[in-house]
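Trainee: What follows is the residue order along each chain.
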Amino acid sequence: MSRRACVALLMMLVACSRGGDATSTAVPNAAPIVAGTHIGAPRPGPAGEWSLPAGDYAASRYSELAQITAANVKGLHAAWTFSTGVLRGHEGSPLVVGNTMYLVTPYPNVAYALDLTQAGQPLKWKVRPENAQAAVGLACCDVVNRGAAYADGRIFYNLLDGHTVAVDAATGALFWRTRMGDLARGETMTMAPLVVKGKVIVGSSGGEMGVRGWIAAIDATSGKELWRAYNIGPDADIKAGPRFHAFYAHDQGPNQSLASWPGTTWQQGGAAVWGWLSYDPALNLVYHGTSNPGPWNGPQRPGDNKWSAAIIARDADTGEMVWAFQPTPHDLWDYDAVNENILADLPLGGTTRKVLVHFDRNGFAYTMDRATGEVLLAKPYVPMNWSTGVDLKTGRPVLNPEKVTGQGRKVTNICPSLEGGKNQQPAAFSPNTGLFYVPTNNLCMDFEAREVSYIAGTPYIGGNAPEYAGPGGHRGEFIAWDATTGRKVWGIKEPYPVWGGALVTKGDVVFFGTLDGWLKAADARTGAVLWQFKVGSGVVGNPMTYVGPDGKQYVAVYSGIGGDMGLLIAGDVAANLPYDVRERGSTLPDLARWTSWGGMLFVFSL
Amino acid sequence: MRLTACAALAIALVAPGCSRDSSAAEPPRYAAQPIQRDSADPFVTHDEHIRPGLAAARQGLVLRNPYEGNAAAASVGAKLFVAYNCIDCHGADGSGAMGPSLADGRWHFGGSAGEIYESIYQGRPEGMPAWGTLIDSDQIWRLVSYVQTLGAGKDPSTENFTGRTIARTGH
Chain A
329 MSRRACVALL MMLVACSRGG DATSTAVPNA APIVAGTHIG APRPGPAGEW SLPAGDYAAS
389 RYSELAQITA ANVKGLHAAW TFSTGVLRGH EGSPLVVGNT MYLVTPYPNV AYALDLTQAG
449 QPLKWKVRPE NAQAAVGLAC CDVVNRGAAY ADGRIFYNLL DGHTVAVDAA TGALFWRTRM
509 GDLARGETMT MAPLVVKGKV IVGSSGGEMG VRGWIAAIDA TSGKELWRAY NIGPDADIKA
569 GPRFHAFYAH DQGPNQSLAS WPGTTWQQGG AAVWGWLSYD PALNLVYHGT SNPGPWNGPQ
629 RPGDNKWSAA IIARDADTGE MVWAFQPTPH DLWDYDAVNE NILADLPLGG TTRKVLVHFD
689 RNGFAYTMDR ATGEVLLAKP YVPMNWSTGV DLKTGRPVLN PEKVTGQGRK VTNICPSLEG
749 GKNQQPAAFS PNTGLFYVPT NNLCMDFEAR EVSYIAGTPY IGGNAPEYAG PGGHRGEFIA
809 WDATTGRKVW GIKEPYPVWG GALVTKGDVV FFGTLDGWLK AADARTGAVL WQFKVGSGVV
869 GNPMTYVGPD GKQYVAVYSG IGGDMGLLIA GDVAANLPYD VRERGSTLPD LARWTSWGGM
929 LFVFSL
Chain B
222 MRLTACAALA IALVAPGCSR DSSAAEPPRY AAQPIQRDSA DPFVTHDEHI RPGLAAARQG
282 LVLRNPYEGN AAAASVGAKL FVAYNCIDCH GADGSGAMGP SLADGRWHFG GSAGEIYESI
342 YQGRPEGMPA WGTLIDSDQI WRLVSYVQTL GAGKDPSTEN FTGRTIARTG H
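Respectively, the protein sequence lines represent chains A and B. In terms of the working numbering, the first sequence has 676 at position 348, counting the first letter as 1, and numbering is strictly consecutive. In terms of the working numbering, the second sequence has 326 at position 105, counting the first letter as 1, and numbering is strictly consecutive.
Take these hints with a grain of salt, some might be off.
Said to hold, decoys possible - For lysine to any residue, the following SDA-like pairs were computed, each having C-alpha atoms within a straight-line distance of at most 20 Å:
#1 A:707 / A:819
#2 A:821 / A:856
#3 A:880 / A:403
#4 B:300 / B:346
#5 A:816 / A:708
#6 A:738 / B:313
#7 B:375 / A:907
#8 B:375 / A:908
#9 B:375 / A:906
#10 A:452 / A:877
#11 A:738 / B:282
#12 B:375 / A:904
#13 B:375 / A:917
#14 B:300 / A:735
#15 A:738 / B:388
#16 A:880 / A:931
To be verified - Example chain B residues on the side facing chain A (calculated, C-beta under 10 Å, incomplete):
#17 303
#18 324
#19 326
#20 327
#21 339
#22 342
#23 344
#24 349
#25 353
#26 384
#27 386
#28 388
#29 389
#30 391
#31 392
Stated by the list, open to error - Stretch by stretch, here's where chain B covers chain A in the computed footprint (C-beta under 8 Å, at least three residues):
#32 460-467
#33 791-804
#34 913-923
By construction, these hints were calculated from the structure, which means they are not laboratory data. A quick note: this is a predicted structure, and the numbers were derived from the prediction, not measured. Just so you know, even glycine gets a beta-carbon here, dropped at the ideal spot from N, CA and C.
Pulled out of the complex, with its shape left as it was, chain A reads as follows:
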């Protein structure tokens, strides 16, 4: 049998095994080259489309497209560009469904549909929903938006002012606009929704504003809220019922969350859901992280502060909590656990395990059993010193007592910094190589906490934490990671934190963008940089790839510096307003030599 025929047969077999899901239009995974290695959840729609924020439910950011390869990527050139008309941080990526590209801008969250069949990509429509201006000042880390999700002819996305909208993908008509967050309590919305079986799953930002974090499902057709689960507080509110079973004994039993906060501090304890979601259709579980607890000043909230800084698995239909795990119990370093949970089936200990892989802000990469919440492996993927390792009997980090922060003392040289080993910039996974591709930060910090009052609608932080380059002096590295062994396979050192996400393709090319404005392509197997292009502004978004109406493979990425790095850390990069001229921040003192604000889409082809 030829290899091609073999692949086709395998695809049919996989398709059969997924039979019964009559509504699924999933393209089955191709046969992996690394035995036992698969993407853990299917991709909706054909391989040439990109209809979900990460391309698929597994959050893999892997594409089956292979016209662009490690051998020919050096011939990539800019094909066309589009100005979003908005400056500020362009996180996320566009979607492509059929012959239309969909973009969502930072605040005011304009959505565009571009007709890819015509030269010049004219607009099919443009949507500018009502979006309260007050939201601008309540967003912690720039007025970003991490993109839209497509399902059944509709585009779903969140507005900074706490609304979720559904737009007709064909006409731009607004189907519904549902208020989900409360601005008066500091709830803004920046995350990209995930659509699961007719439910739009969303969460809010506000971990620095003393919110009480939640995740909710909205009926895709009617816009009505179907369920809402808080992440902290009484069991009934967090939907921890009969199905809840954490893997570790210290996390089991009733009222785990309520008992881990003093008094009523949980009511403004953070645990916001501002990151990426993933979904396993076989288990019917949605995976999400939660943000840091509020405030940063730990002595104001003794206890584990469950389920802040946690990874949570919930039933997609009901929101019930099925398991939960805290990478950083009683977080004292602003180590949110919101980073993406990538679903993969990996060969571990002689069998194929259904795992999720999570690169936490705290600097550990976790390979976990996604059905049970058991930590199979946890290894540092960046330089770190706040913990000496994860105890696999309990899943808990072993603390370095010298790096424990608290009110009234300055703790120096903590690694990683509060930006984490990785932040919003999502990693990618290739079943071709079996490797994870991770944009990382190499920053350390001093941390000084102070008492802070909760005043609704204002920040609830209570700490200063100046940051600087970690060991080696470079501030970032793009790495390839083997999640079965917990080892770095290769790395590309970068002068700045790698704040843009990753894309990996079947052509064994991995793409990522940098704060100083380069889009780079590297060999997925060796890490050799094969191609780079200087886009107009720093990249904090995620490259994606699609097939155009002409049958060619394209790669698209936003250029538009911002987010936490661009707005808060760099200082002068954000200083292009006549009433807001900022001095340079010491963390990235030279970044403004390389980039200024922007808001452009760049599209490349061979």
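With chain A fixed as given, assemble chain B onto it according to the hints.
Mentor: Then chain B, alone, in the frame of chain A:
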């Protein structure tokens, strides 16, 4: 901490300032007249107003800071700047963070004492809270006094790559 505790903290912070108020430089606290009506015209005067038809400037309401030039009031204002979480929006020393810099000598809504008072009292459209709903005008004037000290000695007009840098905190 609940709001009541917060208010108690703010009062506690003012208390040491009050003792400093007894110095000769400080006007008696409750004698302050924050709003002076210089004319019967309800129009609030701003330097930046465009006057249609080049009409002559009219003197309307003027807000005067009873603590103008009062270092003790500004030092209480610095404590209030932390207590009311202004610091985590506008950055340490007003260097800019979630909210704009207050240390650049540039103002979206005017930099006179009265204009800053208005910004704090009634809030501004892009998320600046209307603090007049929570705190009294005496505290607002102390905040104004502090905020007006933040731009001293800074020249951020020309960006360069050799000058000083400041520590910034990300979120």
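Trainee: Hint by hint, note whether the structure agrees.
Mentor: A quick look at each hint next to the structure:
Straight-line distance between C-alpha atoms of residue 707 of chain A and residue 819 of chain A comes to about 16 Å, which keeps the hinted pair within the 20 Å bound. Of the pairs offered as hints, the one joining residue 821 of chain A and residue 856 of chain A holds, with about 11 Å between alpha carbons and a cut-off of 20 Å not exceeded. Between residue 880 of chain A and residue 403 of chain A the CA atoms are separated by roughly 14 Å; this keeps the pair inside 20 Å, and the hint holds. A threshold of 20 Å between alpha carbons decides the hint, and for residue 300 of chain B with residue 346 of chain B the separation of about 25 Å lies outside it, so the pair is violated.
With a C-alpha separation of about 9 Å, the suggested pairing of residue 816 of chain A with residue 708 of chain A holds against the 20 Å cut-off. In summary, the hint linking residue 738 of chain A to residue 313 of chain B is supported, as the alpha carbons are separated by about 16 Å, within the 20 Å threshold. With a C-alpha separation of about 14 Å, the suggested pair residue 375 of chain B and residue 907 of chain A falls inside the 20 Å cut-off, and the hint holds. Our distance criterion of 20 Å between C-alpha atoms is met by residue 375 of chain B and residue 908 of chain A, whose separation comes to about 13 Å.
Note on residue 375 of chain B and residue 906 of chain A: the hinted pairing holds, with a Cα-Cα distance of about 16 Å set against a maximum of 20 Å. Between residue 452 of chain A and residue 877 of chain A the CA atoms are separated by roughly 16 Å; this keeps the pair inside 20 Å, and the hint holds. The suggested pairing of residue 738 of chain A with residue 282 of chain B is violated, with an alpha-carbon distance near 47 Å, which exceeds 20 Å. Our distance criterion of 20 Å between C-alpha atoms is met by residue 375 of chain B and residue 904 of chain A, whose separation comes to about 17 Å.
Distance check on the hinted pair: residue 375 of chain B and residue 917 of chain A sit about 17 Å apart at the alpha-carbon level, within 20 Å; holds. Between the alpha carbons of residue 300 of chain B and residue 735 of chain A the distance comes to roughly 17 Å, so the proposed pair stays at or under 20 Å and holds. Proximity of residue 738 of chain A to residue 388 of chain B is assessed by CA-CA distance (about 14 Å); at most 20 Å being required, the pair is judged to hold. A hinted pair counts as satisfied when its Cα atoms are at most 20 Å apart, and residue 880 of chain A with residue 931 of chain A qualifies at roughly 12 Å.
Given the 10 Å rule on beta carbons, the hint for residue 303 of chain B holds: about 8 Å separates it from the nearest Cβ of chain A. Hint on residue 324 of chain B holds. Least Cβ distance to chain A is approximately 8 Å, under the 10 Å limit. Proximity of residue 326 of chain B to chain A holds as hinted, the smallest CB-CB distance being about 8 Å (cut-off 10 Å). Taken as an interface hint, residue 327 of chain B checks out: its beta carbon lies about 5 Å from the nearest beta carbon of chain A, inside 10 Å.
Hint on residue 339 of chain B is violated. Least Cβ distance to chain A is approximately 15 Å, over the 10 Å limit. The beta carbon of residue 342 of chain B is not positioned within 10 Å of any beta carbon in chain A (closest approach about 15 Å), and the interface hint is therefore violated. Evaluation of the residue 344 of chain B hint against chain A yields a held restraint, the C-beta minimum of about 8 Å falling below 10 Å. Residue-level restraint check for residue 349 of chain B holds (minimum Cβ-Cβ distance to chain A is 6 Å; threshold 10 Å).
Checking residue 353 of chain B against chain A: minimum C-beta separation of about 14 Å lies over 10 Å; hint violated. For residue 384 of chain B, the shortest C-beta to C-beta distance to chain A is roughly 7 Å, which falls under 10 Å, so the interface hint holds. At a threshold of 10 Å, the smallest CB-CB gap from residue 386 of chain B to chain A is about 4 Å, leaving the interface hint in force. The interface hint given for residue 388 of chain B is met, as the beta carbon of that residue sits about 3 Å from the closest beta carbon of chain A, less than 10 Å.
Taking 10 Å as the C-beta cut-off, the interface hint given for residue 389 of chain B holds, the closest approach to chain A being about 4 Å. The interface hint given for residue 391 of chain B is met, as the beta carbon of that residue sits about 5 Å from the closest beta carbon of chain A, less than 10 Å. Hint status for residue 392 of chain B relative to chain A: holds, with the closest Cβ pair at about 4 Å, below 10 Å. Given as covered by chain B, the region 460-467 of chain A passes the check, having 7 residues with a CB less than 8 Å from a CB of that chain where 3 are the minimum.
Only residues whose C-beta sits within less than 8 Å of a C-beta in chain B count toward coverage, and the region 791-804 of chain A has 5 of them, enough to reach three; the restraint holds. Against chain B, the region 913-923 of chain A contributes 7 residues with a C-beta closer than 8 Å to a partner C-beta. That satisfies the three-residue criterion, and the hint holds.
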